[in-house]
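K.L.:
Each chain, written out:
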Amino acid sequence: MKKRLTRREFLKLGAFGSAAFLVARCAPAPTPTTAPAGPTSPPPVETAAPPPAETMAPAPVSDATYEEWINTVASTDPLEIRIAHWFDPNNPSEHNQELIDWATGEWKKRYPNGKINWELIGWGEIDQKTAGFVMANEAVDITYNWGGATENWCSGDFVLPLDGQMPQWWIDSRIPATLQPPSNGLCSDGRLVMAAMGMENQAMIVRADLLEAAGIDPASLASQEGFVAAMQALSKQPGFEKPYAFKMGADWSMMDSILFAWRGNGLTPGDFRPDGSEKDAWVQSAEFVKKLMELTPEAALNWTWAEVEQAYSTGQIAAMDHGNWFYSVGKTLDTEGKIVNEKVTGLVPYPYGPSSPEKKPYITFSLTGFYLLKTSPEKNRRAALDLMAILSQTKAAWKHQDGTVPPTTGWTIEDRLKEAYDPSIAWWWKRWEEMNQTSRILPLTGFLARDEITGAAYPLLVSMYRNEITPEQLYTQLREIALPLIEAARSQ
Amino acid sequence: MVKPQAITPAAEVTPGKPGLFSSRLKRDELLLGYALLVPSFLFIGLVIGYPLVRSAQLSLNRFKLTAGVDSEQFCGLCNFQSLLRDPFLEVYLRNQAIWVLGATFLPILFALILALLMDRELRGRWFWRSVVLIPWMMPIATTALTWRWIYDRQWGLLNYYLRQVGVISQNVGFLTDKLWLWPSILLMAMWMWFPYNYVAILAALQAIPKEMREAARVDGCTSWKEIWYITLPSIRPVLNLLIVLGLIWSMNDFTAIFLLTEGGPGIDSTTLAPLVYKVSFRYYDLGKGAAIGMVLMIISLIFGAIYLQMVKAEEK
Chain P
17 MKKRLTRREF
27 LKLGAFGSAA
37 FLVARCAPAP
47 TPTTAPAGPT
57 SPPPVETAAP
67 PPAETMAPAP
77 VSDATYEEWI
87 NTVASTDPLE
97 IRIAHWFDPN
107 NPSEHNQELI
117 DWATGEWKKR
127 YPNGKINWEL
137 IGWGEIDQKT
147 AGFVMANEAV
157 DITYNWGGAT
167 ENWCSGDFVL
177 PLDGQMPQWW
187 IDSRIPATLQ
197 PPSNGLCSDG
207 RLVMAAMGME
217 NQAMIVRADL
227 LEAAGIDPAS
237 LASQEGFVAA
247 MQALSKQPGF
257 EKPYAFKMGA
267 DWSMMDSILF
277 AWRGNGLTPG
287 DFRPDGSEKD
297 AWVQSAEFVK
307 KLMELTPEAA
317 LNWTWAEVEQ
327 AYSTGQIAAM
337 DHGNWFYSVG
347 KTLDTEGKIV
357 NEKVTGLVPY
367 PYGPSSPEKK
377 PYITFSLTGF
387 YLLKTSPEKN
397 RRAALDLMAI
407 LSQTKAAWKH
417 QDGTVPPTTG
427 WTIEDRLKEA
437 YDPSIAWWWK
447 RWEEMNQTSR
457 ILPLTGFLAR
467 DEITGAAYPL
477 LVSMYRNEIT
487 PEQLYTQLRE
497 IALPLIEAAR
507 SQ
Chain V
30 MVKPQAITPA
40 AEVTPGKPGL
50 FSSRLKRDEL
60 LLGYALLVPS
70 FLFIGLVIGY
80 PLVRSAQLSL
90 NRFKLTAGVD
100 SEQFCGLCNF
110 QSLLRDPFLE
120 VYLRNQAIWV
130 LGATFLPILF
140 ALILALLMDR
150 ELRGRWFWRS
160 VVLIPWMMPI
170 ATTALTWRWI
180 YDRQWGLLNY
190 YLRQVGVISQ
200 NVGFLTDKLW
210 LWPSILLMAM
220 WMWFPYNYVA
230 ILAALQAIPK
240 EMREAARVDG
250 CTSWKEIWYI
260 TLPSIRPVLN
270 LLIVLGLIWS
280 MNDFTAIFLL
290 TEGGPGIDST
300 TLAPLVYKVS
310 FRYYDLGKGA
320 AIGMVLMIIS
330 LIFGAIYLQM
340 VKAEEK
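Taken in order, these protein sequences are the chains called P and V. Residues 17 to 508, numbered by this note's numbering, are exactly what the first sequence covers, in order. Residues 30 to 345, numbered by this note's numbering, are exactly what the second sequence covers, in order.
Be a bit skeptical, because a hint or two may be false.
Computed from the model, here is a short list of chain P residues facing chain V with C-beta under 10 Å [to be verified]:
no.: 1; residue: Ser171
no.: 2; residue: Phe174
no.: 3; residue: Met264
no.: 4; residue: Gly265
no.: 5; residue: Gln326
no.: 6; residue: Ile355
no.: 7; residue: Ser440
no.: 8; residue: Ile441
no.: 9; residue: Ala442
Simulated from the structure, these hints should not be mistaken for laboratory data. Just so you know, these numbers come straight off a predicted model, no measurement behind them. Here a beta-carbon is modelled for each residue, glycine too, at the ideal position from N, C-alpha and C.
The whole structure should be built from the sequences, with the hints applied where relevant.
P.N.:
Here it is as C-alpha cells:
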C-alpha cells in the first residue's frame, strides 16, 4: 500500500529538490578540455589572448571600396544581431534614430534576411548592463561605450579584438594615431577592441571675455602656476569669488576632473612606485589641485558633470575642465546664448606642471565607440563586425557626433559643416581644430586599480578641500592604500 | 467558536466501508493543495532562495569581474576580512547608525504629532488627511532629486528663501557642510516616510474607544496626561511594529540617499546599501559586495525576527 505523503514529508522533499537544484546551479562550470567537441557541445569559449586572429572565426578582410563592399551580399542567412546602443534619456535625439535607421538600411544590403535588435540603454547604465550581459552569457553582439571602460573590459575578458577583422576601407579611414597605444580604444597589450565613432577632446573651457577684462593673456595659462594666477585674477572679478569648479559630487567625476593636474606633471594620480620616486611630482600636482580647490565653490562638493555644466552655462563659474561634447550641453542650458558663444567662451589646453618633462600644455582625447562582446554567437560575428564598421564609418561619425571630433581622416571642417545638424557649431569645431594643431595631444589613459584608487582618493580629496589634510598627507595616506591595490591588480 | 463541519458525502454513498473513500478524498485534496503551492514555492525559490544562496556563496569567493568572468575562486572569509580592514569602515557604520535610527524614528515622531492633531474635529479634515499622503505617493527618485535641487548651495530654493526672509546672509551648504549634511538628509527621509506611519497611527488612534477618553476627562485628566496614559499605551503595538518595519526598510534603503548625495561628499553619507552598489558595480568586486550584502542581511534578519515575534504576540 502506498504511504500517504505527509505535509512534513512533502516539504522535506521540496526542500531537498530545491537544494539539489541550487547546488547544481551553483557548481562551477566544467573546465573545458582539449578533447574535440562533440556535435552537441556548446561552442568553445573564446579567449582574449593574442594573437587575435586565432580567437575569432576566420574572416577575410575585404580590400573593396565601401561602395563595392556594401553592395555585396555577405550572407542570406536569417541572422539576428543584438546591439546595446546608448541614448541620453534626458535628451532623446532624433539624430540617434536617424543613425539607427540609416545603418540598418545599409547593413541589410549585405544581410538581406538579417535583423538587428537595437536595445537602447541610458548612458549611465550601459557599463553595468554590459557587465551583466557578459556575466549572464546573454547573446549580445555589440555594445557602445566610452574608452574609460576599455581597460576593465580587456582585463575582464569581455570583448574580442578587431585586429585583422575590419574591412580595409574602414582601416584606411581612421586617424592612425587613434589606433596606437596608449589610446583607450585599445587594450593595454595593444589589441584594438573598439570601432571608434567619437574622439572626445578634452581641455580647459574658460570665460575669454573675463580674462580679457582682467588683462590676462590666455597664453599665460599654459603652466599650472600661470593657470592658478589667472583664476585668482578672475576671482577678483565681480561675482566670481570662486571662479573654478572641480566635479566633486562623486568619486568618478572627481577623478575625471583632477586627472589633468597629474598628467600635466608627467604622472597619473595612481602613479605610486615602490621606490617612491614619484613623490615630489605627485605632491606638486596635489598642491596645484589644492590651490584650485581654494577657488572652487563649496557647492561643488555635491556637483557632478551636470551641475558643473549648469554652473558654467549660467555664468556662475568662469572655468572648468570639459570636453568638446560640451557644445550641445551648453547650447541646451544656455538658451539665451549669453555664455556659450564665440565671444565669451574660450578654450585653452591643459597646463603643464613644474616636473613635466616637455614643459608644454596639452589636450587629451578619449574614444567612444562600439565593442564586439565575447557573448556574440560565432555565427553572428562577421555580421556584427560589419555593422560596427558601418556605424563608425566616416560619414556616420562626422554626422552623428555633434560636438566631438570623429576619429576619421579626409574631411575638412567645411565638408563636415555640410553634414552638420547645426551649422552654428563652426566656431567651436574651429577652436578645437586649432588646439589640435598647436598643442601636444596625449591620449587619455587609465592606471592600475583605477576604480579602487579612485574610491579611496575621493574622501581624502574632500578632506583636503576642507583643510583637514595637506597635499603631502594626501600623498602619504593614499600611497599606503594604493600600493597593495596596485600589487593585487598586477597579480590578477 | 463553531468549527465548520467536514463534508463527507462518500460516507453516505458507501455506508459499508466508512472512512475509506473519505480518506482518499482527503489525500487527493491534500495533494492538490500541495500541487497548487508548487508554483509559489518555485517562484519564491527562484527570486529569493536562489539569489540568497548565490550571494552567500559569492561572499565566500574571490570574484572580481575585471579579473575575468571565470575568475571566481573560493577564499573562505577573505571578503569579510577585507571589509574589517577597510580604513573607512568606522565611517560607514557610523553613517548607517545615523541613517537607520534617524530615518526610522523621525518620521514616526512627526507622524504621531500630526495624527494626534488630525484625530479631532477639524474643518476640511478629509482634505488635510489626503494632502498629507502626497509625499508618500511621489516616486522616491523624484523626491530625492527634487530635494537635491532644493538643498543646493549655489542655486537651491531653500537658500534663496532663507535669504529672502533674512534668516541667513550667506548660502548654507546643506549637502556639503558636515554640520548640515545629516539633518538635511534626515529631513528628506522624514518628509518621504511620515505619511505611511501617519496612516497607521491615525487608524490606531481611531480604534481607541471614545468612552475611555471621556472617562479620563471626567476624572480631570489633562490633555497631556490623556496622551501619556491612554493614547500612547493604546497604540503601542502599532508603534512597535512601525519602528521595526522602519528599521528594516531604512537598513536596506539605497535609492533615497544615493540619489540625494551619492554617498558624499567623500564618504560622509555612505551607508552600507550604497556601498554594496559601489563595490559590486563600480569596482566590480562581486565577492566583497556580496559580503557587505550578507552583513546587511543578517542585521535585517534580526529585526525581521523581532517583527515576526511581535506579529505573533499580536495575534495571540
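K.L.:
Next, verify each hint and record whether it holds.
P.N.:
Comparing the hints with the structure gives:
The interface hint given for Ser171 (chain P) is met, as the beta carbon of that residue sits about 5 Å from the closest beta carbon of chain V, less than 10 Å. Interface hint status for Phe174 (chain P): upheld, as the beta-carbon distance to the closest one in chain V is roughly 7 Å, under 10 Å. Given the 10 Å rule on beta carbons, the hint for Met264 (chain P) holds: about 6 Å separates it from the nearest Cβ of chain V. Interface hint at Gly265 (chain P): satisfied, since its Cβ lies 6 Å from the closest Cβ of chain V, which is below the 10 Å cut-off.
Proximity of Gln326 (chain P) to chain V holds as hinted, the smallest CB-CB distance being about 8 Å (cut-off 10 Å). For Ile355 (chain P), the interface hint is violated, the least distance from its beta-carbon to any beta-carbon of chain V being 15 Å, above 10 Å. The interface hint given for Ser440 (chain P) is violated, since its Cβ lies 27 Å from the closest Cβ of chain V, which is over the 10 Å cut-off. Given hint, Ile441 (chain P) at the interface with chain V, is violated; its Cβ is 28 Å from that chain's nearest Cβ, farther than 10 Å.
Against a cut-off of 10 Å between C-beta atoms, the interface hint on Ala442 (chain P) is violated, since the closest Cβ of chain V lies about 32 Å away.
Of the hints listed earlier, those the structure fails to meet are numbers 6, 7, 8, 9, in rising order.
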